[in-house]
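Student: Here are the chains, one letter per residue:
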Amino acid sequence: MSGEVPLWEVFIRPRNGLAHKHVGSLHATDEVMALQAARDVYTRRGEGNSIWVVPSKAITASDPDQAGENFEPGEKIYRHPTFYEIPDEVGHM
Amino acid sequence: MALFDALLELADDHLVLGHRVSEWCGHAPMLEEDLAMPNMALDVIGTARNLYDYAGKVEGKGRDEDDLAYLRGEREYRNLLLVERPNEDFAHTMLRQLYFAAFMHPYWTAALESPDETVRGIAGKAVKEMAYHIRHTGEWVIRLGDGTEESARRMRDAVTALAIYVDELFEEGAGEGLDALPDRAALRPEWEATIKRIFDEAGLEQVTSPFPQSGGRDGRHGEGLGHMLAEMQSVHRAHPGATW
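Those protein sequences? They're chains A and B, same order as listed.
Numbered as in this note's numbering, the first sequence ends at 93 without a single skipped number.
Numbered as in this note's numbering, the second sequence ends at 244 without a single skipped number.
A couple of the hints might just be wrong.
[Stated by the list, open to error] Here's a subset of chain B near chain A, in silico, CB distances under 10 angstroms, partners left out:
hint : residue
1    : His27
2    : Leu31
3    : Met37
4    : Pro115
5    : Val127
6    : Glu129
7    : Tyr132
8    : Arg143
9    : Gly147
10   : Arg188
[Unchecked claim] Only pairs whose alpha carbons sit at most 25 angstroms apart, straight line, appear in this in silico SDA-like list of lysine to any residue:
hint : chain 1 : residue 1 : chain 2 : residue 2
11   : A       : Lys57     : B       : Met30
12   : B       : Lys196    : B       : Gly219
13   : B       : Lys196    : A       : Glu31
14   : B       : Lys61     : B       : Arg75
15   : B       : Lys125    : A       : Glu47
16   : B       : Lys196    : B       : Ser209
17   : B       : Lys128    : A       : Arg15
18   : B       : Lys125    : A       : Lys57
19   : B       : Lys57     : B       : Ala110
20   : B       : Lys61     : B       : Gln213
21   : B       : Lys128    : A       : Ile51
22   : B       : Lys128    : A       : Thr43
23   : B       : Lys125    : A       : Lys21
24   : A       : Lys21     : B       : Thr118
25   : B       : Lys128    : A       : Asn16
26   : A       : Lys57     : B       : Pro29
27   : B       : Lys57     : B       : Arg143
28   : B       : Lys128    : B       : Thr118
29   : B       : Lys128    : A       : Leu35
30   : B       : Lys128    : A       : Arg39
31   : B       : Lys128    : A       : Arg13
32   : A       : Lys57     : B       : Arg143
33   : B       : Lys196    : A       : Arg15
34   : B       : Lys128    : A       : Lys57
35   : B       : Lys128    : A       : Ile12
[What the hints assert, rightly or not] FRET-style restraints, in silico, Cβ to Cβ:
hint : chain 1 : residue 1 : chain 2 : residue 2 : range
36   : A       : Arg13     : B       : His27     : 30 to 38 angstroms
37   : A       : Asn49     : B       : Glu231    : 38 to 46 angstroms
38   : A       : Asn49     : B       : Thr160    : 16 to 24 angstroms
39   : B       : Pro29     : A       : His20     : 27 to 35 angstroms
40   : A       : His20     : B       : Leu112    : 31 to 39 angstroms
Just so you know, these hints were derived from the structure itself, not from any lab.
Here a beta-carbon is modelled for each residue, glycine too, at the ideal position from N, C-alpha and C.
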């Protein structure tokens with residue numbers, strides 16, 4: 001049966017103020033059933049207070065063959081903000 | 001002992017239904033439902049435990065939840081005939097759960113006003129669960145009723161098969177006249193409204209049976225309950241008093 005049923009990606013917000021985080025996927029016939037299934041599969045132990053479901057086919061993913069140009073910026077250490085003197089009075093940033 | 005008897009009736013409804021739904025575990029049509037159904041089973045079994053526990057205290061003879069659940073025979077069970085009906089197919093199972101939850105939700109809502117503190121506590125937990133069971137099973141009834149030719153036929157078959165067990169939901173039973181528990185007959189309009197809303201969307205027609213069945217409260221059950229209890233009670237009877 002699962003072969004005919006669309007796949008959904010599930011995002012849960014653990015608590016107010018945090019972002020929704022991807023937790024997994026599931027099969028459901030439509031968005032209402034997807035939300036219910038997400039409740040049963042992913043929030044059984046009080047994991048969050050908000051659920052998003054997104055059709056998996058709506059997600060555009062990066063191509064693994066382009067990993068080089070996407071994820072290997074090389075020796076560009078100036079992109080890391082580590083060259084500043086932070087005055088002690090600032091405390092934790 | 002009216003309160004004890006009434007609590008036992010309610011507890012038996014929940015345990016028998018919970019065990020029936022648990023029989024789907026590992027057999028559901030898809031993984032997501034295979035989690036949803038045991039969730040629902042555990043919801044009602046949890047309520048059954050609370051009710052047995054309280055019933056045992058009210059009785060005052062030292063019987064605990066296990067004694068009441070595992071050491072009574074078929075004729076001593078007072079559950080509604082509806083909840084012991086076999087699972088048959090997914091349509092039957094969803095409709096049976098919807099009928100029960102559409103009744104228990106207004107029942108527990110009314111019980112939130114009970115003068116009995118323990119009853120209010122049990123109701124407070126159960127009312128949220130029943131709201132979810134209505135939503136989950138209602139969505140399936142709509143999708144199956146308004147789905148394919150086969151799913152619509154199975155849904156109609158379930159409506160016909162379960163029609164004779166509806167009236168028993170509203171019989172007062174041992175709780176009649178008790179302040180601690182709500183009147184059952186008064187909940188019928190809300191039950192009818194919930195079912196009508198879902199059936200309208202599902203394209204289903206409610207069937208009224210001219211020959212409603214009852215007798216569950218007196219221990220007169222269908223042939224399936226004895227088999228179910230034999231399986232459910234076998235471990236406790238083989239290992240009396242065993243604990244986790």
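Student: Please go over all the hints and tell whether each is borne out by the structure.
Tutor: Taking the hints in turn, this is what the structure says about them:
1. His27: violated (13 angstroms)
2. Leu31: This hint holds: leucine 31/B lies near chain A, its Cβ roughly 7 angstroms from the closest one there, short of 10 angstroms.
3. Met37: Holds, about 9 angstroms.
4. Pro115: violated (32 angstroms)
5. Val127: The hint is violated - valine 127/B has no Cβ within 10 angstroms of chain A, the shortest such distance being about 17 angstroms.
6. Glu129: violated (12 angstroms)
7. Tyr132: holds (8 angstroms)
8. Arg143: holds (6 angstroms)
9. Gly147: Because about 9 angstroms separates glycine 147/B from the closest Cβ in chain A, which is inside the 10 angstroms limit, the hint holds.
10. Arg188: Given a least distance of 27 angstroms, the restraint on arginine 188/B is violated.
11. Lys57/A <-> Met30/B: Between lysine 57/A and methionine 30/B the Cα gap is close to 20 angstroms, so the pair holds against 25 angstroms.
12. Lys196/B <-> Gly219/B: Not OK: lysine 196/B and glycine 219/B at ~31 angstroms, beyond 25 angstroms, violated.
13. Lys196/B <-> Glu31/A: holds (23 angstroms)
14. Lys61/B <-> Arg75/B: Between lysine 61/B and arginine 75/B the Cα gap is close to 20 angstroms, so the pair holds against 25 angstroms.
15. Lys125/B <-> Glu47/A: holds (19 angstroms)
16. Lys196/B <-> Ser209/B: Satisfied, since the Cα-Cα distance of roughly 16 angstroms is no more than 25 angstroms.
17. Lys128/B <-> Arg15/A: Judged against 25 angstroms, a Cα distance of about 21 angstroms means the pair holds.
18. Lys125/B <-> Lys57/A: violated (38 angstroms)
19. Lys57/B <-> Ala110/B: Holds, because 23 angstroms separates the two Cα atoms, which is no more than 25 angstroms.
20. Lys61/B <-> Gln213/B: violated (33 angstroms)
21. Lys128/B <-> Ile51/A: holds (18 angstroms)
22. Lys128/B <-> Thr43/A: holds (15 angstroms)
23. Lys125/B <-> Lys21/A: violated (29 angstroms)
24. Lys21/A <-> Thr118/B: violated (39 angstroms)
25. Lys128/B <-> Asn16/A: Distance ~22 angstroms between lysine 128/B and asparagine 16/A Cα, so the pair holds.
26. Lys57/A <-> Pro29/B: Cα-Cα ~23 angstroms, so holds.
27. Lys57/B <-> Arg143/B: violated (44 angstroms)
28. Lys128/B <-> Thr118/B: holds (17 angstroms)
29. Lys128/B <-> Leu35/A: holds (17 angstroms)
30. Lys128/B <-> Arg39/A: Judged against 25 angstroms, a Cα distance of about 14 angstroms means the pair holds.
31. Lys128/B <-> Arg13/A: With a Cα-Cα distance of about 21 angstroms, the restraint between lysine 128/B and arginine 13/A holds, given a limit of 25 angstroms.
32. Lys57/A <-> Arg143/B: Between lysine 57/A and arginine 143/B the Cα gap is close to 22 angstroms, so the pair holds against 25 angstroms.
33. Lys196/B <-> Arg15/A: Judged against 25 angstroms, a Cα distance of about 37 angstroms means the pair is violated.
34. Lys128/B <-> Lys57/A: At roughly 33 angstroms apart (the allowed maximum being 25 angstroms), lysine 57/A and lysine 128/B break the hint.
35. Lys128/B <-> Ile12/A: Holds, because 21 angstroms separates the two Cα atoms, which is no more than 25 angstroms.
36. Arg13/A <-> His27/B: 30 to 38 angstroms: Given range 30 to 38 angstroms: holds, Cβ gap about 33 angstroms.
37. Asn49/A <-> Glu231/B: 38 to 46 angstroms: Because 39 angstroms falls inside the window, the suggested range holds.
38. Asn49/A <-> Thr160/B: 16 to 24 angstroms: Because 42 angstroms falls outside the window, the suggested range is violated.
39. Pro29/B <-> His20/A: 27 to 35 angstroms: holds (29 angstroms)
40. His20/A <-> Leu112/B: 31 to 39 angstroms: holds (33 angstroms)
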